[in-house]
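S.K.: The chain contents come next:
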Amino acid sequence: MVRMGDVFKEYENGTKALKGINIFLDDGEFAFLVGPSGSGKTTIIKLLTGEIAPTDGEVLVNGFNLSSMRMGKMPHLRRTLGVIFQDFRLIAKKDVYENVAFAMRAVGAGGRDIRKRVPYVLELVGLGKKARSYPQELSGGEQQRVAVARALVNNPRLIIADEPTGNLDPPRSLEILMLLQKINELGTTVLVVTHEKTLVDRLSKRVIAIDGGRIISDGMDGYYDYYEEQ
Amino acid sequence: MKSNRAAYYIKEGFVSIFTHGLMSFASVCIIVACLIIMGSFTLLAYNVSYIIGQFENENIVLAYVDESLSEAVARGLETQIRAVPNVASAAFVSREEAMESFVGKYENKSLFEGIGADVFRHRFVVYVKDIELTAYTQSSLLGIAGIEEASANLSITRGLVTMRNIVSGVTAVLAAVLLIISLFIMSNTIRLGTFERRDEIAIMKMVGATNSFIRWPFIVEGFMLGTMGALVAYIAQWLVYTLITDRLTGGGRVSFITAAPFQRMSAPIIVAFLAIGILVGVVGSSMAIRKYLKV
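Read top to bottom, the protein sequences are chains A and B. Okay, so the first sequence: first residue is 1 according to this note's numbering, each after it adds one. Okay, so the second sequence: first residue is 1001 according to this note's numbering, each after it adds one.
Bear in mind the hints are in silico, worked out from the structure with no lab data behind them. Quick caveat, the model's predicted, so the values are computed rather than measured. Here a beta-carbon is modelled for each residue, glycine too, at the ideal position from N, C-alpha and C. Hints are supplied without guarantee of correctness; some may be wrong.
One side only, chain B facing chain A, incomplete, derived with CB under 10 Å [to be verified]:
| # | residue |
| --- | --- |
| 1 | N1004 |
| 2 | R1005 |
| 3 | Y1008 |
| 4 | D1199 |
| 5 | E1200 |
| 6 | A1202 |
| 7 | I1203 |
| 8 | M1204 |
| 9 | V1207 |
| 10 | G1208 |
| 11 | T1210 |
| 12 | N1211 |
Please work from the sequences and hints to get the whole structure.
M.R.: Quick look at the structure:
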């Protein structure tokens, strides 16, 4: 669950990234966040993951109030999130299994739980047979699947995907989005930041459009065309 | 700390040493270099003290007894002399013994024919505990009724004390400076290692790892590197010290120098090296990782 109410963010250099944003995302929802470069998408993601604090307004994520939360609570918030990046951010020196398992270890999971959960998640993303491969031995699509598995392994309530298909060809991009849709159908809230018009239109999901630090539209399918008309 | 978590930290710290082999090697080399420089100056200071100690054994105050006192009365002053602070021991030397010793220094004994022992005075050879307090001991001895004169070579004493103070001071300052330099270089070397792993740290932060969970493997790594550096430095110091002291004192080339044997200082050196090595390793790691935890 995400509640962003009247959120403003001004950086130290004076850049006003967000100018009164309101976003409400219920549990189990799937939404796209679209907008041109510099529109404030990354700022929203950083606010949701607790990397930065809002200048004004309220940010609630999975029951944590980020506007007033102590730093000590940050790991607890992040354990309810799964974040996927455009550049995958896998650890080259760890194999697929270890890349996923270390996310569980980082939150204190025991060896037995890890041995049970990691193969299950790898199967879910279709990488059951690649567990002992290293990231550099995988295709871009497969690497992003590992990143999805890592985001998923701690059973998060919300998955935030920041341009997850930015480095992939169209068929692999669609695969990743279908995978995220599948995860969403299993009950996890998903927020995807993307520029891929074809994919956004194809999935017919909620689209939140942002420009100049303001929400310019929020609704079901077709809103992405706004940018095409500009 | 749960035992399985502790095992994870140790394993990760240990594995990281090998996966970042070059950085680990550089860190150990820095620790070794700094410890050897620190150790060499400490050993130099110790040896100066050791040599001064040997001089101290030979540094005596001669307390001459009033000529009018009989030998029995003169001998009776020993109790008062021993009671003077800083007096380690006192030995009575009679006129006859003094003459015998004096004459013994010359080959031509005929020079002393007809000269009686009465030209000499009864005296006490007084050994001091602390060479630095010789002048004070000398004046205290003069305060004893029956002691007419007390002589000591204060210029040599002052010279030795000054030398010891300078070497000790330089060593202390150098040790402190080297400790700070080691911490700085070690921290920067580990920082290079952590820079390579910044993505890994960022991902750990992103999945909800606590700062201590991320920090501990680095601390374990720093601890291991510090321990390795200390052990290598100890062995190298031993070899270098033995080689240098053998060259200096071996074959009687410089017979007046007696170096302290390494074994005499081996326990404090290994303890100090381990303490400093581990301190540098652990604090250096903690300093290096701090920046990346602020995400």
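S.K.: Does each hint hold? Answer for all of them.
M.R.: Hint check results:
no.: 1; hint: N1004; result: holds (7 Å)
no.: 2; hint: R1005; result: holds (7 Å)
no.: 3; hint: Y1008; result: holds (6 Å)
no.: 4; hint: D1199; result: holds (5 Å)
no.: 5; hint: E1200; result: holds (5 Å)
no.: 6; hint: A1202; result: holds (7 Å)
no.: 7; hint: I1203; result: holds (6 Å)
no.: 8; hint: M1204; result: holds (5 Å)
no.: 9; hint: V1207; result: holds (4 Å)
no.: 10; hint: G1208; result: holds (4 Å)
no.: 11; hint: T1210; result: holds (5 Å)
no.: 12; hint: N1211; result: holds (8 Å)
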